[in-house]
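S.K.: One-letter residues, chain by chain:
Number of protein chains: 2
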Amino acid sequence: MDAIITDTYSVYFNEEGYRALNQHLKKERYSKLFVLTDENTHRDCLPVFLSSLETNLEIEIIEMEAGEVHKTIDTCVQIWHALSELGADRRSLMINLGGGVVTDLGGFVASTFKRGFPFVNVPTSLLAMVDASIGGKTGVDLGNLKNQIGVIRQPEMVLVIPGFLTTLDKRQLNSGFAEMLKHGLISSGKYWGDLKDIKVNDPLDPFIHTSVRIKNQIVLEDPTEKNLRKVLNFGHTLGHAIESHFLEKGEDKALLHGEAIAIGMILEGFLSHRVSGLGLHQLEDIKNTFLERFRKVDFTEGDKQAIIDLLKFDKKNTHGSINFVLLKRIGEAVIDQQVSEDLFREAFAYYED
Amino acid sequence: MDAIITDTYSVYFNEEGYRALNQHLKKERYSKLFVLTDENTHRDCLPVFLSSLETNLEIEIIEMEAGEVHKTIDTCVQIWHALSELGADRRSLMINLGGGVVTDLGGFVASTFKRGFPFVNVPTSLLAMVDASIGGKTGVDLGNLKNQIGVIRQPEMVLVIPGFLTTLDKRQLNSGFAEMLKHGLISSGKYWGDLKDIKVNDPLDPFIHTSVRIKNQIVLEDPTEKNLRKVLNFGHTLGHAIESHFLEKGEDKALLHGEAIAIGMILEGFLSHRVSGLGLHQLEDIKNTFLERFRKVDFTEGDKQAIIDLLKFDKKNTHGSINFVLLKRIGEAVIDQQVSEDLFREAFAYYED
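Chains A and B, in that order, give the protein sequences.
Using UniProt numbering, the letters of the first sequence correspond one by one to residues 1 to 353.
Using UniProt numbering, the letters of the second sequence correspond one by one to residues 1 to 353.
Mixed in with the good hints, there may be bad ones.
Note that the list lumps identical chains together, so a pair holds whenever it fits in one copy or between two copies.
As the list claims (entries may be wrong) - Below, a list of computed lysine to any residue pairs in the SDA-like style, where the Cα atoms sit at most 25 angstroms apart:
(1) K226 to T8
(2) K226 to T6
(3) K26 to S276
(4) K226 to G116
(5) K287 to I5
(6) K312 to I61
(7) K230 to S276
(8) K190 to E63
(9) K196 to E156
(10) K253 to S276
(11) K253 to L228
(12) K190 to R293
(13) K312 to H81
(14) K32 to L310
(15) K253 to E292
(16) K226 to Y9
(17) K226 to R29
(18) K32 to I152
(19) K312 to I59
(20) K196 to L291
(21) K32 to D309
(22) K170 to L53
(23) K26 to E225
(24) K226 to H24
(25) K199 to K296
(26) K199 to L343
(27) K32 to N147
(28) K170 to C45
(29) K312 to L86
(30) K230 to R90
I should point out that these hints are in silico values taken from the structure, not numbers from a laboratory.
Note that this is a predicted model, so its numbers are computed, not measured.
Throw the hints in and build the complete structure from the sequences for me.
M.R.: Take a look at the structure:
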């Protein structure tokens, strides 16, 4: 598959990715490599990854604990200390080998250690391949507030190796698939249709490539999220609040990111129907498509109230009002839609119906 | 005094500064203002500052504990939580009212909260006026390692109000004066001479202006410190290690930043004499000038060893070698000078002599 090349960084696929990284390591005179993993990618992905690296540089492995609950400043502090002790400097390179938690956190750690040194993302989850690892958003959670602390900084390059997906369970794969479906909803009705038709054993590679291309185009036109890039937040305003809320309730209740935004997309689909003209037939299509893949979650009255309360902390709000990205139709999103709180209850009722 | 205007931000002086800030607040549609102070600037500077502000925006005051020992990630976490609770968003403005600890830490907090919102620096110490508040270096210490964590991000503007200096004691003033003397050493023999001639009651305003202009010129030619900007680190490689070491020994032993780099400049002046051709007469001039203003510090054998050990953590090192900025003569610096560890002992001996 063709590399997706931009003026600031490039996304390479499969063997071409390893070739590009090895060339990059030969060209840049890095002082040392640091590979950030969690215990899962350390076991499942690191051996394959290291065997494909061709370099004489010293390589240090840093392992963090897996899971969203460890996407915290405390974990950053541990890694910053490790980097200090292992002699990292501004000419070091960090390679983030993992899912979205590892690429988001690793990117932030590298961007802030000694005021920033370069990093490469090697996403190992579907979610990270099509979303987290590209676009330059780095960061960690603050308490139960998702991605509250971070910076925008682009990686040197991104390597997408779909072979790593064989290490994921079905729930993890589905979580990433939710973001791919979002790419269809916000920018291509045809892609949405293609994704719905995928059979269990179809290779995902060409679809991953399409999703990366869609996300990349959007990000490059508006890297700092002043306008267009906001469309990527479809499903995420309510989705993030849902994710934060269940994260706070404890690990056994926690939803994966894609599971939360799948619900967010149904709810915000309903808001789109009421506010921005999304047709009822398309709304039903969205709801049915997600409910085929994601089990329905039961919300108590307390859950719903807590989620609505959390919305006001969402980082996409300005001047205290609640801003949404909504759909005009499948394949076309519209930003900066003001939605009144009354509709949230109706949206939950539609989801539960 | 004329404002110093660049393409990314401007430095304004005195009344013109307040006028510029008030105009800026009228033009930009900020959602809310946050003023970060410490207990000293809260008491001594905030009332004057607020009385000069003309805005209808809501203003929240956030106070941190004063002093370098609080320039930590823990303090950032407290302020990030406060910002969340007080409803800060990406359209908020942070105003950092304080010395270098407040402007460095406040700039980092703003640059990383929700992936960054704008900030203005209002330095209240001489050191912050001529150094910390301009140039876009933000950050905090990690353990005893100075400024280990941070980003480079420019403020919207800097307001220099020399009237705030009346709240400083002589030791604090001297600390800032050390950076001004450095500006002379690295870029203007004439300015160095002028500074040496200042009498106790002479107004500092024109000299502050000259120092800001010198620093600004250097920073703008090389904002991310790839080459030229490194000259600003003269005296800082050993100076930072000295500062970190005494900070670790506890607050009663701690040196102010300028006190540490004054020693650093004598030591690195000696290295310049031995490595880069600084004449003995000029070296003596440097030593005498600093020792007139800064009391001599006693270093034990253990102190010296610990300081030399700390050097390898200094963020200006790459590939493990020890890089210095040295002087060819007073008024001209040269970067990327490799110095062997043997000379450090001799440099200390020259200082102690």
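S.K.: Run every hint past the structure and note whether it holds.
M.R.: Hints and how they fare:
no.: 1; hint: K226 to T8; result: both (19 angstroms within a copy, 18 angstroms between copies)
no.: 2; hint: K226 to T6; result: both (20 angstroms within a copy, 23 angstroms between copies)
no.: 3; hint: K26 to S276; result: neither (52 angstroms within a copy, 33 angstroms between copies)
no.: 4; hint: K226 to G116; result: both (24 angstroms within a copy, 12 angstroms between copies)
no.: 5; hint: K287 to I5; result: neither (35 angstroms within a copy, 55 angstroms between copies)
no.: 6; hint: K312 to I61; result: between (39 angstroms within a copy, 21 angstroms between copies)
no.: 7; hint: K230 to S276; result: within (16 angstroms within a copy, 54 angstroms between copies)
no.: 8; hint: K190 to E63; result: neither (41 angstroms within a copy, 54 angstroms between copies)
no.: 9; hint: K196 to E156; result: neither (33 angstroms within a copy, 47 angstroms between copies)
no.: 10; hint: K253 to S276; result: neither (33 angstroms within a copy, 65 angstroms between copies)
no.: 11; hint: K253 to L228; result: neither (34 angstroms within a copy, 54 angstroms between copies)
no.: 12; hint: K190 to R293; result: within (19 angstroms within a copy, 75 angstroms between copies)
no.: 13; hint: K312 to H81; result: between (34 angstroms within a copy, 14 angstroms between copies)
no.: 14; hint: K32 to L310; result: between (42 angstroms within a copy, 20 angstroms between copies)
no.: 15; hint: K253 to E292; result: within (21 angstroms within a copy, 67 angstroms between copies)
no.: 16; hint: K226 to Y9; result: both (20 angstroms within a copy, 20 angstroms between copies)
no.: 17; hint: K226 to R29; result: between (35 angstroms within a copy, 14 angstroms between copies)
no.: 18; hint: K32 to I152; result: both (24 angstroms within a copy, 22 angstroms between copies)
no.: 19; hint: K312 to I59; result: between (43 angstroms within a copy, 19 angstroms between copies)
no.: 20; hint: K196 to L291; result: within (12 angstroms within a copy, 77 angstroms between copies)
no.: 21; hint: K32 to D309; result: between (46 angstroms within a copy, 20 angstroms between copies)
no.: 22; hint: K170 to L53; result: neither (29 angstroms within a copy, 58 angstroms between copies)
no.: 23; hint: K26 to E225; result: between (34 angstroms within a copy, 24 angstroms between copies)
no.: 24; hint: K226 to H24; result: between (32 angstroms within a copy, 20 angstroms between copies)
no.: 25; hint: K199 to K296; result: within (22 angstroms within a copy, 78 angstroms between copies)
no.: 26; hint: K199 to L343; result: neither (36 angstroms within a copy, 70 angstroms between copies)
no.: 27; hint: K32 to N147; result: between (29 angstroms within a copy, 21 angstroms between copies)
no.: 28; hint: K170 to C45; result: within (18 angstroms within a copy, 59 angstroms between copies)
no.: 29; hint: K312 to L86; result: between (41 angstroms within a copy, 11 angstroms between copies)
no.: 30; hint: K230 to R90; result: between (32 angstroms within a copy, 13 angstroms between copies)
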